[in-house]
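Chemist: Chain order of the listed sequences is Y and L. So in the working numbering, the last spot in the first sequence is 341, and the numbers never skip. So in the working numbering, the last spot in the second sequence is 341, and the numbers never skip.
Careful, some of the hints might be misleading.
Said to hold, decoys possible - Simulated crosslink set (PhoX-like; lysine-lysine; CA at most 25 Å straight-line):
(1) Lys272(Y) <-> Lys263(L)
(2) Lys64(L) <-> Lys82(Y)
(3) Lys263(L) <-> Lys111(Y)
(4) Lys144(L) <-> Lys82(Y)
(5) Lys340(Y) <-> Lys263(L)
(6) Lys12(L) <-> Lys8(Y)
(7) Lys8(Y) <-> Lys144(L)
(8) Lys144(L) <-> Lys263(Y)
(9) Lys111(L) <-> Lys82(Y)
(10) Lys263(Y) <-> Lys340(L)
(11) Lys227(Y) <-> Lys263(L)
(12) Lys340(L) <-> Lys94(Y)
(13) Lys82(Y) <-> Lys227(L)
(14) Lys8(L) <-> Lys144(Y)
(15) Lys64(Y) <-> Lys64(L)
If you are wondering where the hints come from, they were derived from the structure by calculation, not from laboratory data.
Number of protein chains: 2
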Amino acid sequence: MKKRPSLKDIAKKLNVSVTTVSFVLNGKGKEKKISDELIKKVIDYTDSINYRPNKVAQSLRTGKTNILVFMVEDISNYFFSKIARIMEDIAYDKGYKVLFCSNENEDERSKELIQLFSERQVDGFIISPSPGIQNEIESLIENKIPVVLFDRYFEDLDVSHVIIDNEDASSKATKHLIDNDFSRIGFITIESSQNQMTNREKGYVDAMKSAGLEPLILKIPFEKIHKEETKLEIRKFIIEGQELDSVFFSTNYLTRTALEVIKETDQTLLEKLGVVTFDDNELFRINTPTITAVSQPLQELGESLMNTMLNLLNSKAENLKPTKSVLKASLIVRNSSINKN
Amino acid sequence: MKKRPSLKDIAKKLNVSVTTVSFVLNGKGKEKKISDELIKKVIDYTDSINYRPNKVAQSLRTGKTNILVFMVEDISNYFFSKIARIMEDIAYDKGYKVLFCSNENEDERSKELIQLFSERQVDGFIISPSPGIQNEIESLIENKIPVVLFDRYFEDLDVSHVIIDNEDASSKATKHLIDNDFSRIGFITIESSQNQMTNREKGYVDAMKSAGLEPLILKIPFEKIHKEETKLEIRKFIIEGQELDSVFFSTNYLTRTALEVIKETDQTLLEKLGVVTFDDNELFRINTPTITAVSQPLQELGESLMNTMLNLLNSKAENLKPTKSVLKASLIVRNSSINKN
Numbered sequence: 001m002k003k004r005p006s007l008k009d010i011a012k013k014l015n016v017s018v019t020t021v022s023f024v025l026n027g028k029g030k031e032k033k034i035s036d037e038l039i040k041k042v043i044d045y046t047d048s049i050n051y052r053p054n055k056v057a058q059s060l061r062t063g064k065t066n067i068l069v070f071m072v073e074d075i076s077n078y079f080f081s082k083i084a085r086i087m088e089d090i091a092y093d094k095g096y097k098v099l100f101c102s103n104e105n106e107d108e109r110s111k112e113l114i115q116l117f118s119e120r121q122v123d124g125f126i127i128s129p130s131p132g133i134q135n136e137i138e139s140l141i142e143n144k145i146p147v148v149l150f151d152r153y154f155e156d157l158d159v160s161h162v163i164i165d166n167e168d169a170s171s172k173a174t175k176h177l178i179d180n181d182f183s184r185i186g187f188i189t190i191e192s193s194q195n196q197m198t199n200r201e202k203g204y205v206d207a208m209k210s211a212g213l214e215p216l217i218l219k220i221p222f223e224k225i226h227k228e229e230t231k232l233e234i235r236k237f238i239i240e241g242q243e244l245d246s247v248f249f250s251t252n253y254l255t256r257t258a259l260e261v262i263k264e265t266d267q268t269l270l271e272k273l274g275v276v277t278f279d280d281n282e283l284f285r286i287n288t289p290t291i292t293a294v295s296q297p298l299q300e301l302g303e304s305l306m307n308t309m310l311n312l313l314n315s316k317a318e319n320l321k322p323t324k325s326v327l328k329a330s331l332i333v334r335n336s337s338i339n340k341n
Numbered sequence: 001m002k003k004r005p006s007l008k009d010i011a012k013k014l015n016v017s018v019t020t021v022s023f024v025l026n027g028k029g030k031e032k033k034i035s036d037e038l039i040k041k042v043i044d045y046t047d048s049i050n051y052r053p054n055k056v057a058q059s060l061r062t063g064k065t066n067i068l069v070f071m072v073e074d075i076s077n078y079f080f081s082k083i084a085r086i087m088e089d090i091a092y093d094k095g096y097k098v099l100f101c102s103n104e105n106e107d108e109r110s111k112e113l114i115q116l117f118s119e120r121q122v123d124g125f126i127i128s129p130s131p132g133i134q135n136e137i138e139s140l141i142e143n144k145i146p147v148v149l150f151d152r153y154f155e156d157l158d159v160s161h162v163i164i165d166n167e168d169a170s171s172k173a174t175k176h177l178i179d180n181d182f183s184r185i186g187f188i189t190i191e192s193s194q195n196q197m198t199n200r201e202k203g204y205v206d207a208m209k210s211a212g213l214e215p216l217i218l219k220i221p222f223e224k225i226h227k228e229e230t231k232l233e234i235r236k237f238i239i240e241g242q243e244l245d246s247v248f249f250s251t252n253y254l255t256r257t258a259l260e261v262i263k264e265t266d267q268t269l270l271e272k273l274g275v276v277t278f279d280d281n282e283l284f285r286i287n288t289p290t291i292t293a294v295s296q297p298l299q300e301l302g303e304s305l306m307n308t309m310l311n312l313l314n315s316k317a318e319n320l321k322p323t324k325s326v327l328k329a330s331l332i333v334r335n336s337s338i339n340k341n
């Protein structure tokens with residue numbers, strides 16, 4: 001690799017001191033009373049050799065990198081990748097770059113990524129945490145590194161977060177089905193103790209019980225969501241099992257899998273079965289029938305995440321007060337959940 | 001921010017030299033004939049204070065970061081985000097982390113991101129280049145930094161790339177429509193001089209001409225693809241303009257926009273209009289009718305990209321010989337392109 005010229009090389013070449021070169025390149029020439037002539041000489045020469053200060057060394061001195069990390073469950077999931085783009089654009093305008101990575105909701109991977117980035121001194125972390133990384137988050141906070149949690153959080157940890165009101169969203173979706181005369185309403189979700197999922201379940205269960213209806217729940221283990229057996233399970237639950245008249249899915253990937261199952265087996269099923277999904281996307285807008293969806297406010301979530309982070313970055317290390325934002329999701333009613341009688 | 005203990009602090013605390021501490025922490029204690037007892041003392045103490053070597057300083061010495069960058073047009077586009085995930089998983093197993101970012105196909109943004117990462121000495125770049133960054137790529141290569149271009153490349157630059165045979169894919173798709181008795185076949189694409197797009201156009205035009213048919217092309221400027229006027233233009237082209245009996249779309253986002261337009265205006269149109277799209281995804285599998293698609297081999301592309309990069313990383317700087325891979329896409333025939341007569 002071509003060696004980058006050092007300050008020493010430049011100083012030698014110009015026959016001045018290293019300190020002089022360093023002051024000039026750090027914009028402190030005037031302040032240090034270096035003559036205009038000498039300043040010009042250093043700048044002209046470093047421009048002519050296309051000299052760039054070593055930013056790794058620089059960030060060792062300043063402790064600032066202007067790099068933020070956005071760690072999500074799966075960067076190829078529409079929900080996360082859209083928010084990533086929204087944040088990337090806001091950050092870009094503010095002079096920050098955002099790097100993305102996926103933790104697959106696995107603790108080991110999350111820990112490795114957090115360590116990797118801490119060692120490289122990024123300025124802040126926005127994280128959709130996997131279940132067991134409370135200690136790592138705590139340690140970032142102790143080290144005064146700005147952290148914003150996203151989508152889910154740890155109840156006994158005082159850290160900034162931006163989430164939606166999952167219980168409310170789920171309750172609205174369930175009540176909407178009840179209002180449209182569905183009563184055997186199944187809830188298909190993933191097995192999880194994380195609060196974004198438990199709150200969705202709670203919203204459903206409470207709405208069902210309030211209406212005197214029996215909750216009917218199928219839970220899929222997260223690691224099996226892309227497996228063929230999941231398709232079979234979903235099919236069994238919807239078609240053979242519980243005489244469901246409708247289903248509410250707690251995530252967009254479960255709905256996608258179910259739509260594929262239905263497509264492969266009995267297309268006419270959708271004429272009778274009520275369907276509501278969590279997380280809107282283009283597929284649900286275009287599908288026949290169009291699918292009613294809980295729509296998370298992506299733009300607002302991205303803006304709120306970035307604003308929370310920028311506030312933390314701009315406040316003195318001593319008062320990094322956590323900000324907790326809970327946004328409301330909306331229900332977008334389409335054909336799939338209209339009364340089928 | 002809590003100050004990280006320095007080697008000096010540790011040496012002072014243990015009453016040994018800084019060099020001793022440094023040798024032990026860099027796994028050179030034995031080699032440097034430091035006693036087992038002293039090695040144990042240093043390791044026990046640094047473990048007890050949870051000491052972590054400063055990786056920024058370390059990468060200044062070793063020049064290795066084990067970080068790769070994958071710069072795509074738009075990380076929220078299904079095609080790029082899926083490949084990102086595939087590469088992330090392969091890299092993870094090999095001890096590399098991959099960071100993602102989007103350049104929006106804009107040169108300024110590409111340049112800033114390349115500069116940012118070069119200054120932080122990442123080990124390699126995988127880039128879907130925007131049109132005008134040939135010089136920046138050249139400069140990375142001159143500095144012996146491994147680069148693999150993806151999806152498109154610069155014809156007069158000798159750099160590794162992984163692409164698909166766009167001309168062949170486009171030709172197959174067009175011939176498929178012709179074989180199904182379509183003859184007024186429109187081609188909707190984006191305005192672009194980049195070779196992934198010009199080759200798609202060439203494949204279409206040549207196949208049409210070979211069959212004695214007139215090419216009918218609509219080009220949308222890239223910066224307008226999410227604008228409402230694009231919907232109008234597409235509608236005009238398909239519905240009012242050319243008496244088309246079928247359309248071949250050169251990108252998945254154009255197809256999505258068109259499906260929305262059709263959904264909003266005349267759903268029955270899809271019963272008559274033949275449709276083929278570039279880039280498969282779940283939407284096209286589930287849509288009614290299911291949509292025939294040119295399917296890029298995502299898994300193979302991801303693997304080929306990562307293998308090419310790993311080979312470059314493992315070869316000596318002197319012989320970073322470019323590898324150029326051209327993979328074939330396949331046509332997945334579904335209901336939308338079957339003879340409608």
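Chemist: Now look at each hint and say whether the structure bears it out.
Modeler: Each hint tested on the structure:
| no. | hint | in the structure |
| --- | --- | --- |
| 1 | Lys272(Y) <-> Lys263(L) | 21 Å, holds |
| 2 | Lys64(L) <-> Lys82(Y) | 32 Å, violated |
| 3 | Lys263(L) <-> Lys111(Y) | 45 Å, violated |
| 4 | Lys144(L) <-> Lys82(Y) | 34 Å, violated |
| 5 | Lys340(Y) <-> Lys263(L) | 21 Å, holds |
| 6 | Lys12(L) <-> Lys8(Y) | 31 Å, violated |
| 7 | Lys8(Y) <-> Lys144(L) | 24 Å, holds |
| 8 | Lys144(L) <-> Lys263(Y) | 51 Å, violated |
| 9 | Lys111(L) <-> Lys82(Y) | 23 Å, holds |
| 10 | Lys263(Y) <-> Lys340(L) | 21 Å, holds |
| 11 | Lys227(Y) <-> Lys263(L) | 32 Å, violated |
| 12 | Lys340(L) <-> Lys94(Y) | 53 Å, violated |
| 13 | Lys82(Y) <-> Lys227(L) | 17 Å, holds |
| 14 | Lys8(L) <-> Lys144(Y) | 23 Å, holds |
| 15 | Lys64(Y) <-> Lys64(L) | 21 Å, holds |
Checked against the numbered hints given earlier, the structure breaks hints 2, 3, 4, 6, 8, 11 and 12 and satisfies all the rest.
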